[in-house]
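Novice: Heads up: the protein sequence lines correspond to chains S and U, in order.
Just so we're aligned: 60 in this note's numbering is position 60 of the first sequence, and the numbers increase by one with no gaps anywhere.
Basically this note's numbering = 1-based index in the second sequence + 366.
Read the hints as simulated data drawn from the structure, not as lab findings.
Just so we're clear, the structure is a prediction, and the values are computed from it rather than from any experiment.
Hints may be right or wrong, so weigh each one.
[As the list claims (entries may be wrong)] Covered stretches of chain S (chain U as the covering partner; in silico rule of three or more C-beta atoms under 8 angstroms from a C-beta of chain U):
| # | segment |
| --- | --- |
| 1 | 15-28 |
| 2 | 226-239 |
| 3 | 272-284 |
[As the list claims (entries may be wrong)] Heads up, simulated DMTMM-like pairs for lysine to aspartate or glutamate below, C-alpha to C-alpha not over 20 angstroms straight-line:
| # | chain 1 | residue 1 | chain 2 | residue 2 |
| --- | --- | --- | --- | --- |
| 4 | S | 115 | S | 5 |
| 5 | U | 415 | S | 233 |
| 6 | S | 279 | U | 466 |
| 7 | U | 415 | S | 229 |
| 8 | S | 149 | S | 184 |
| 9 | U | 415 | S | 5 |
| 10 | S | 48 | U | 487 |
| 11 | U | 415 | U | 487 |
| 12 | S | 263 | S | 253 |
| 13 | S | 279 | U | 413 |
We put the CB at the ideal spot given by N, CA and C, even for glycine.
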Amino acid sequence: MAENDNLGNLLARRGISRRTFLKFCTALASSMALSPSMVPAMAESLAKAKRQSVIWLSFQECTGCTESLTRSSQPSIESLIFDFISLDYHHTLQAASGFQAEEAREQAMAEHKGKYLLIVDGSIPVAENGVYSTIAGMTNLQMLEDAAKGAMAIVAVGTCAAYGGLPKARPNPTGAVSVTDLIDDKPIINIPGCPPIGEVITGVLAHFLTFGAIPELDTVGRPKAFYGETIHDRCYRRTFYDQGLFAETFDDEGARKGWCLYKLGCKGPVTYNSCATTKWNQETSFPIESGHGCIGCSQPDFWDMGGIYEAVSEPLTDLRGPAVTAVVAGAAAGVAVAAMNKQSKQSAKDRHFKVSSETLDEELKK
Amino acid sequence: MTRLQDIPVNTEITGLDAECNMVDAVLHELKQLLDAYLSSGETGVIDIKSMPLSATDYDSLKQRLGNGEISATASLAGDTEIYETALSGVWWVVHRNIDDRVLAEQLEVGRIPAILCAHDDDIRVARERL
Chain S
1 MAENDNLGNL
11 LARRGISRRT
21 FLKFCTALAS
31 SMALSPSMVP
41 AMAESLAKAK
51 RQSVIWLSFQ
61 ECTGCTESLT
71 RSSQPSIESL
81 IFDFISLDYH
91 HTLQAASGFQ
101 AEEAREQAMA
111 EHKGKYLLIV
121 DGSIPVAENG
131 VYSTIAGMTN
141 LQMLEDAAKG
151 AMAIVAVGTC
161 AAYGGLPKAR
171 PNPTGAVSVT
181 DLIDDKPIIN
191 IPGCPPIGEV
201 ITGVLAHFLT
211 FGAIPELDTV
221 GRPKAFYGET
231 IHDRCYRRTF
241 YDQGLFAETF
251 DDEGARKGWC
261 LYKLGCKGPV
271 TYNSCATTKW
281 NQETSFPIES
291 GHGCIGCSQP
301 DFWDMGGIYE
311 AVSEPLTDLR
321 GPAVTAVVAG
331 AAAGVAVAAM
341 NKQSKQSAKD
351 RHFKVSSETL
361 DEELKK
Chain U
367 MTRLQDIPVN
377 TEITGLDAEC
387 NMVDAVLHEL
397 KQLLDAYLSS
407 GETGVIDIKS
417 MPLSATDYDS
427 LKQRLGNGEI
437 SATASLAGDT
447 EIYETALSGV
457 WWVVHRNIDD
467 RVLAEQLEVG
477 RIPAILCAHD
487 DDIRVARERL
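Taking the hints into account, I'd like the entire structure generated from these sequences.
Specialist: Here it is, written out as C-alpha cells:
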C-alpha cells in the first residue's frame, strides 16, 4: 500500500461499499460513546485518513493485550483499522526476527520521525538500571526512551504500561514503572485493562486517525469515551443494588437470581471501564454477567487494592489511605494477604511463607 | 466447536428484573426527536446498544413501538435489519456482522434511515462501470 494512500481507497479496492463502511462507523461510534449524529462526518473523515506508521514495543507483559486486539471477531472495523495502519515493529507479530527486526524498528523511527505512533504494552523495570528485561541487548528503559523521542504520541496499552500493573504489585522486585512515570514530554493515552477490550484499543486508534488528535482524557490519562463511567453505573445488575438485593455467597439464592455482587467484593463501583456495555468474547458477557464481581483491572494499582472478595467500602485507588497497612503486610509475605485475618497476616510476615489457594479458601470460609 | 453463545443459559425469572423506567425515558427522547424533525427536518438517532436495558426493558420497548409498514434487510458484511415501527418515521435498525453478532442497534428518526441511502462515491463508481 502506498504511503499516501487513504482508508477510502483501501475500502474500494477490497470491494467494501461506503454503505458498509458507514455501518462499521456506526458500530465504532456506539462503542466510543460518540453521539450517533456524528457518524456520517466521522465516516467521511476516516475514509480520508492517511496510513499511520505504528511502532509497538512489548516490555514486561504477558502478550494478553496483543491477544485481545488480534482476536477480535472478523471482519470488523477493528480488523480493518488494524490492516490499515502500518505496523512497522511488533516483535510478536512480525515475520522478521533478530537483527532484521531491530533494523525495521530503527528504520521506521528514522523514516517517520516525529510522525509515528508509539504503542507500548508492559511495564518498564528500572531497578538495577533496567537489567530485568532486555530486548536485543537493550534494556526496555533504553528502548522506550529512544523510541519516545521521535513519536508523535504514545499509547500505553494495558494496565502494566499504563500504571505498572502486575509487575509493579508489591513488593515490585524489578522496580516496574509505567510509561507516564518515565516520559513527560509527549502526549500519552492510557488504555488500561488486564487486558483492555480489543474494541477499545482500535477505537482509540480510529479516533486518532479520524480526528488527528488524542481523545479527551480523564485524570489518570484514560479516554473518557471508554472510561467515562464506572462498571457499576452501566451494570445491568445495578437495579438490584438500588433495591438492596445482594448475593451473599456464590451459591445462595441471590447469586442464582443474579442479584448485585457488591458484597462479594465487586469493584464495579470504583472501576472505570466499558466492559458492561462493550462486553467480551464476541459480546457474550462480562465478568459480572458470568457471576463474578469486577476485580477492577483498569484501575491504577488494582492488584494491591485489597482482597478480590472484600466489599468496597471506599474508593481504593489511593493506597496512602487506611488500606496501606494491610497491603504492606501482604507485600512482606510476597502475596496478597488482604483476605487473611490480622493474626495469620502477622504469622505470614514472621515466617515469610507463601499462602496457598487452599489457605485463602479456608480464610474465606471463616 | 460449540460457540459460547450456543450454550444455553437459563436465568430465573423473578419479576424483579422489571422495567427500571428506561422504556419511558426512550419514548420521551423519541418524542423530542420527532418534535425536532417536524420543526426543522433534523434527523435523530438513539443508540439502544449502549443503554443498560434489561431483557424485560428491551422486550417491552419492542412491544410498545410495534411494527409498521416497511422492513428491509441490507447485506453489508453481515445483515442489517431495518423496519419501521408502528410510529411512522421511527425506524428500528440492527447492524450485525457475519457471525450474526449485533454491532449496533439504533432507533432512527427521519424519513428514511441513512444506511439505505447510496453514497455519492459508490454512485460515481457505478457510473464508471456503465
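Novice: Each of the hints needs a verdict: does it hold here or not?
Specialist: To see whether the hints hold, each was checked on the structure:
no.	hint	verdict
1	15-28	holds (count 10)
2	226-239	holds (count 5)
3	272-284	holds (count 6)
4	115/S with 5/S	holds, 16 angstroms
5	415/U with 233/S	holds, 15 angstroms
6	279/S with 466/U	holds, 16 angstroms
7	415/U with 229/S	holds, 16 angstroms
8	149/S with 184/S	holds, 11 angstroms
9	415/U with 5/S	violated, 33 angstroms
10	48/S with 487/U	holds, 12 angstroms
11	415/U with 487/U	violated, 29 angstroms
12	263/S with 253/S	holds, 14 angstroms
13	279/S with 413/U	holds, 16 angstroms
Going down the numbered hints, you'll see the structure goes against 9 and 11, while the others check out.
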